[in-house]
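Engineer: As a plain string of letters, each chain reads:
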Amino acid sequence: MQDDMMLDTPVDVLNYALTLEHLEYAFYRDGLETFSAADFASAGYADNVYDWFGLIRDHEEEHVATITGVIVDLGGEPVAEARYDFGYSDLAGFVRIAQVLENTGVGAYQGAARYLIDEDALLTAALTIHGVEARHAAYLNGLRGQPPFPKAFNPTLTPSEVLAAAGRFIVNS
Amino acid sequence: MDQRERQWRQVLLAEVAAERRCLSRRGVLAGSLRVAAGAAATMSLAAVPGIRRLAAAQELQTDLDVLNYALTLEHLEYAFYRDGVGLFTFDADSRGMSIDDNLAAIRDHEGEHVSTLVKVIADLGGTPVEEARYDFGDAYDDPTAFLLTAGALENTGVSAYDGAARFITDPELLTAAGSIVAVEARHASYLNLLNGEVPFPSAFEMPKTPAEILEIAGPFIVSS
Numbered sequence: 001m002q003d004d005m006m007l008d009t010p011v012d013v014l015n016y017a018l019t020l021e022h023l024e025y026a027f028y029r030d031g032l033e034t035f036s037a038a039d040f041a042s043a044g045y046a047d048n049v050y051d052w053f054g055l056i057r058d059h060e061e062e063h064v065a066t067i068t069g070v071i072v073d074l075g076g077e078p079v080a081e082a083r084y085d086f087g088y089s090d091l092a093g094f095v096r097i098a099q100v101l102e103n104t105g106v107g108a109y110q111g112a113a114r115y116l117i118d119e120d121a122l123l124t125a126a127l128t129i130h131g132v133e134a135r136h137a138a139y140l141n142g143l144r145g146q147p148p149f150p151k152a153f154n155p156t157l158t159p160s161e162v163l164a165a166a167g168r169f170i171v172n173s
Numbered sequence: 001m002d003q004r005e006r007q008w009r010q011v012l013l014a015e016v017a018a019e020r021r022c023l024s025r026r027g028v029l030a031g032s033l034r035v036a037a038g039a040a041a042t043m044s045l046a047a048v049p050g051i052r053r054l055a056a057a058q059e060l061q062t063d064l065d066v067l068n069y070a071l072t073l074e075h076l077e078y079a080f081y082r083d084g085v086g087l088f089t090f091d092a093d094s095r096g097m098s099i100d101d102n103l104a105a106i107r108d109h110e111g112e113h114v115s116t117l118v119k120v121i122a123d124l125g126g127t128p129v130e131e132a133r134y135d136f137g138d139a140y141d142d143p144t145a146f147l148l149t150a151g152a153l154e155n156t157g158v159s160a161y162d163g164a165a166r167f168i169t170d171p172e173l174l175t176a177a178g179s180i181v182a183v184e185a186r187h188a189s190y191l192n193l194l195n196g197e198v199p200f201p202s203a204f205e206m207p208k209t210p211a212e213i214l215e216i217a218g219p220f221i222v223s224s
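Residue numbers (my numbering), protein chains in the order written: chain A, 1 to 173; chain B, 1 to 224.
Derived by calculation from the structure, the hints in this document are not laboratory data. Here the structure is a predicted model, which means the values were calculated and not measured. Hints are not guaranteed to be accurate.
Listed next, with one range per pair, are the computed distances between beta-carbon atoms [said to hold, decoys possible]:
id : chain 1 : residue 1 : chain 2 : residue 2 : range
1  : A       : E33       : B       : Y140      : 45 to 55 Å
2  : B       : D142      : A       : T158      : 44 to 54 Å
3  : A       : G75       : B       : D101      : 43 to 53 Å
Chain B is faced by these chain A residues, among others (derived, beta-carbon under 7 Å) [as the list claims (entries may be wrong)]:
id : residue
4  : M6
5  : R114
6  : R135
7  : H136
For every residue, glycine included, the Cβ atom is placed at its ideal position computed from N, Cα and C.
With the hints as extra help, turn the sequences into a complete structure.
Structural biologist: Below is the structure:
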């Protein structure tokens with residue numbers, strides 16, 4: 001994963017975002033193959049929770065496809081999905097990691113936006129993903145009985161901070 | 001307000017109601033009505049001083065313009081909650097959390113956004129726009145209308161920031177704007193949930209231009 005000094009070009013920023021989106025999509029894709037709707041129900045979640053996890057997974061998949069396409073259009077080389085180990089052993093652990101990933105994602109896009117300040121269209125596109133990650137994060141906070149919007153200003157994360165938070169899930173790339 | 005302007009206002013309030021229905025997926029607004037209402041906003045409401053501020057925001061030339069555009073919307077949001085939170089008492093939400101507490105938190109967030117934007121604009125040597133007078137239609141008449149209007153405002157706020165970010169030239173201000181729009185998106189997610197909607201209806205937010213925001217928010221502004 002990139003560090004602060006490597007977000008020199010729009011493709012660098014997009015590959016940074018794609019690194020996170022691959023991770024998020026793989027997390028939901030594999031997790032929702034591991035846990036069924038019945039598992040969610042028996043854990044006490046409302047009927048729509050499983051469906052909305054599926055919707056979040058679909059969003060992350062769309063983010064992966066869109067960012068990959070833009071990188072190719074720009075003549076860049078999209079990073080590939082890595083191998084991950086999220087370390088959860090039950091549904092509660094899966095939901096907890098989901099919350100971490102989404103809240104990290106919001107901070108990551110926020111911290112990366114400044115590197116797109118001269119790229120109006122890419123900046124706007126990145127922010128339209130940023131907002132959706134924030135919606136996911138608020139939902140997952142609430143699902144875990146925590147405030148959906150803990151502060152008036154969402155924390156911003158630098159690439160180094162994101163690396164520390166998300167890099168531990170990456171086994172190899 | 002003369003007869004003609006009253007008529008335009010009715011059209012525009014209908015537009016806002018339609019926007020809410022749109023958001024709540026209880027109806028689809030015909031494209032022609034949207035266009036008609038948009039034309040109405042441009043033709044009539046530019047005469048109202050409070051609207052001129054938003055109309056002027058269609059030309060976001062400087063960072064200060066963007067900040068005052070954001071402040072115009074934050075004033076509106078804060079006033080909405082300040083005057084509306086507490087009018088109704090809600091039960092706990094589906095997770096057992098107090099809706100009243102969460103609405104109060106949203107109010108406080110908007111208040112912080114207002115005070116921070118005012119300070120930043122003043123620090124940059126600009127003149128912060130002041131709060132206007134607002135008319136939120138039927139939003140204070142019943143709790144359902146209140147929550148639907150709150151949801152419409154928050155979802156609109158996200159679209160407004162997303163559409164305005166490209167005009168910001170200072171990286172620090174861009175990051176700050178990002179830290180606000182994320183919170184608006186969190187509010188929108190929660191209010192959608194309360195309104196029985198999908199909290200995250202699309203994989204991408206929908207950025208709106210200042211002109212489009214004027215159509216939606218302008219009718220709430222009675223005068224500056």
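Engineer: A separate judgement is required for each hint: does it hold in the structure or not?
Structural biologist: Here is what the structure says about each hint:
| no. | hint | in the structure |
| --- | --- | --- |
| 1 | E33/A to Y140/B: 45 to 55 Å | holds (48 Å) |
| 2 | D142/B to T158/A: 44 to 54 Å | holds (46 Å) |
| 3 | G75/A to D101/B: 43 to 53 Å | holds (51 Å) |
| 4 | M6 | violated (17 Å) |
| 5 | R114 | holds (4 Å) |
| 6 | R135 | holds (4 Å) |
| 7 | H136 | holds (6 Å) |
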